[in-house]
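Visitor: The lines below spell out each chain.
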Amino acid sequence: MKNKKTIIIATTSVIVLGVLYLAFKKASVKDITNDPQLRADYDDLIKKIDNAKK
Amino acid sequence: MNSDKKLYLYSGLAIALSVVAYVVITRKKKLDTDPSALSESENSGIETSTGEVISNEQAIIDPTLAEIIKLPLAQAKTKMLGKNIYSKVFNINPRQSPYVNNGWFVNNGVGGRILIKDTFIGSVTDVVNDKGSLRNPSGNIYKWLKVKPSQEAIRQIKEDSNILIPTKTDTFYVREDVIKLK
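Top to bottom, those sequences are chains A and B. In terms of my numbering, the first sequence opens at residue 1 and continues consecutively. In terms of my numbering, the second sequence opens at residue 1 and continues consecutively.
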């Protein structure tokens, strides 16, 4: 009985910690939709490409 | 309630809360301002005849596309079918039906956005008028393009999607003011 409780608590902890780990890992990824500097660099690059095509 | 049932209940609650936390933590913060140093007047937007405010970038349609979309629907369809289209702005919201519905519980999005400008969205399979007869700044009813999506568009939609909402990317609609031809 005690063993069963331990398994449930351990499994729940692993799932919760795993989900939170994945969440923070995903949230820390920077891309052009959430990072002003990356977005500015990207816009500059697009402008340069457009100008080069003209 | 016996202790086993309590344990299952707390365990389930903890897992459910962690999933909620996942959604909250990974929700993307949109940029408040466009950092590409556009002037205020360039960012102020344009109000259409039906009161919808769109960005200046959306209001400017490239000349070739503008010529096509001002034609009657049947002719526009003939000219657009099979054409490859690209995203003109960031964060396009493709739709399952040809109108905008951003409701909290019921909306017609496909579960994610096409995040990046200049992405190859796909090829046009149909052209239809806006279901709610919404009009563009020129006073014509918006045209929506039904698209067979590209792998890149599908990838961006899936990347932007929430794990709790499945994406629907077999085909979708995009509005005339967020696309361009190349």
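The hints are simulated quantities; they were obtained by calculation from the structure and are not laboratory data. One or more hints might be untrue.
[Said to hold, decoys possible] Simulated crosslink set (DSSO-like; lysine-lysine; CA at most 27 Å straight-line):
1. A:Lys47 to B:Lys6
2. B:Lys79 to B:Lys158
3. A:Lys26 to B:Lys77
4. B:Lys117 to A:Lys30
[Said to hold, decoys possible] A short, non-exhaustive set of chain A residues, derived as facing chain B with CB atoms under 10 Å:
5. Lys5
6. Ile8
7. Thr11
8. Ser13
9. Ile15
10. Val16
11. Val19
12. Phe24
13. Lys26
14. Ile32
15. Arg39
16. Ile46
17. Lys48
18. Ile49
19. Ala52
[What the hints assert, rightly or not] Label-pair distances were calculated between CB atoms; the ranges are:
20. B:Lys83 to A:Gly18: 41 to 47 Å
21. A:Ala52 to B:Ile165: 38 to 44 Å
22. B:Ile165 to A:Asp44: 43 to 49 Å
23. A:Ile15 to B:Pro72: 56 to 62 Å
24. B:Ala14 to A:Lys26: 46 to 52 Å
25. A:Lys5 to B:Phe120: 26 to 32 Å
26. B:Asn102 to A:Thr6: 44 to 50 Å
27. A:Asp50 to B:Ser133: 18 to 24 Å
28. A:Gly18 to B:Arg27: 55 to 61 Å
29. B:Arg27 to A:Ile8: 29 to 35 Å
Ideal Cβ placement from N, Cα and C applies to all residues, glycine included.
Visitor: If a hint holds in the structure, say so; if it doesn't, say that too.
Guide: Going through the hints against the structure:
1. A:Lys47 to B:Lys6: This hinted pair is violated, its Cα atoms lying about 60 Å apart.
2. B:Lys79 to B:Lys158: violated (30 Å)
3. A:Lys26 to B:Lys77: violated (41 Å)
4. B:Lys117 to A:Lys30: holds (17 Å)
5. Lys5: Constraint on Lys5 of chain A satisfied, holds at 6 Å.
6. Ile8: Holds, about 6 Å.
7. Thr11: holds (8 Å)
8. Ser13: Because about 8 Å separates Ser13 of chain A from the closest Cβ in chain B, which is inside the 10 Å limit, the hint holds.
9. Ile15: This hint holds: Ile15 of chain A lies near chain B, its Cβ roughly 5 Å from the closest one there, short of 10 Å.
10. Val16: Where the cut-off is 10 Å and the nearest Cβ of chain B is about 4 Å from Val16 of chain A, the hint holds.
11. Val19: holds (4 Å)
12. Phe24: holds (6 Å)
13. Lys26: holds (5 Å)
14. Ile32: OK, holds: Ile32 of chain A within 10 Å of chain B, min 7 Å.
15. Arg39: This interface hint holds because 5 Å falls under the 10 Å limit.
16. Ile46: holds (7 Å)
17. Lys48: Nearest chain B Cβ about 12 Å off; hint violated.
18. Ile49: This hint holds: Ile49 of chain A lies near chain B, its Cβ roughly 9 Å from the closest one there, short of 10 Å.
19. Ala52: Status violated, d = 14 Å.
20. B:Lys83 to A:Gly18: 41 to 47 Å: Cβ of Lys83 of chain B to Cβ of Gly18 of chain A: about 45 Å, so the range 41 to 47 Å holds.
21. A:Ala52 to B:Ile165: 38 to 44 Å: Holds: the Cβ-Cβ distance is about 40 Å, inside 38 to 44 Å.
22. B:Ile165 to A:Asp44: 43 to 49 Å: violated (34 Å)
23. A:Ile15 to B:Pro72: 56 to 62 Å: holds (57 Å)
24. B:Ala14 to A:Lys26: 46 to 52 Å: Because 20 Å falls outside the window, the suggested range is violated.
25. A:Lys5 to B:Phe120: 26 to 32 Å: violated (55 Å)
26. B:Asn102 to A:Thr6: 44 to 50 Å: Because 47 Å falls inside the window, the suggested range holds.
27. A:Asp50 to B:Ser133: 18 to 24 Å: Hint violated: Cβ distance 34 Å, outside 18 to 24 Å.
28. A:Gly18 to B:Arg27: 55 to 61 Å: The hinted range 55 to 61 Å is violated for Gly18 of chain A and Arg27 of chain B, with Cβ atoms some 19 Å apart.
29. B:Arg27 to A:Ile8: 29 to 35 Å: holds (30 Å)
Comparing the model with each earlier hint shows violations of hints 1, 2, 3, 17, 19, 22, 24, 25, 27, 28; every other hint is respected.
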